[in-house]
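Novice: Take the sequences, apply the hints, and build the full model.
Below are the chains, spelled out letter by letter.
Number of protein chains: 2
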Amino acid sequence: MASTRDSVHNPGRAAFGARVRELRLARGLSQERLAELAGLHRTYVSSLERGQRNVGLDNILDLAAALGVPAANLFQDA
Amino acid sequence: MASTRDSVHNPGRAAFGARVRELRLARGLSQERLAELAGLHRTYVSSLERGQRNVGLDNILDLAAALGVPAANLFQDA
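Protein chains in written order, with our numbering: chain Y, 154 to 231; chain D, 154 to 231.
It should be emphasised that the hints constitute simulated quantities derived from the structure, not laboratory data.
Careful, some of the hints might be misleading.
Label-pair ranges, simulated between beta-carbon atoms [as the list claims (entries may be wrong)]:
| id | chain 1 | residue 1 | chain 2 | residue 2 | range |
| --- | --- | --- | --- | --- | --- |
| 1 | D | Ser183 | Y | Leu178 | 41 to 47 Å |
| 2 | Y | Ala179 | D | Gly221 | 26 to 32 Å |
| 3 | Y | Arg203 | D | Arg180 | 32 to 38 Å |
Using N, Cα and C, we set each Cβ at its ideal position, and we do this for glycine too.
Specialist: Following this line, the structure appears as structure tokens:
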């Protein structure tokens, strides 16, 4: 999972995380509730929203389903 | 990386892989050339097109850039 792109700031990850956060807040969901709906750990949701995770395809699709949007929607600002 | 969802058939991964393949062929690119453009290994591109990989966000963004499309476009059929 670790790569040189983990360091400091990764714009692609940051945009993805910001978009997840935006959609989550628009639905009035806590990080804990989104984690529960997507089958993830709350701390994982917290770190991915901060752009710190190289989120895998399976989790991306589960997040989209939990947020009730097509997966493409998670990349709207990416 | 391994999960129970790796087994047999994962529809989300398959749709993603099929979409990458579709865009690659539309551009007349070989798997080898796409791999080169995206900084991936040819065998990785081959297996992801067959829906066998839990592709990470960093690689998804690199694939989109290599194909010249917004990342959202890779999820058009997902």
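Novice: Taking the hints in turn, state whether each one holds.
Specialist: Status of each hint after checking the structure:
1. Ser183/D - Leu178/Y: 41 to 47 Å: 43 Å, holds
2. Ala179/Y - Gly221/D: 26 to 32 Å: Given about 30 Å between the Cβ atoms, the range holds.
3. Arg203/Y - Arg180/D: 32 to 38 Å: The hint (32 to 38 Å, Cβ to Cβ) holds, given that Arg203/Y and Arg180/D are roughly 34 Å apart.
Every hint, counting from the list given before, is met by this structure.
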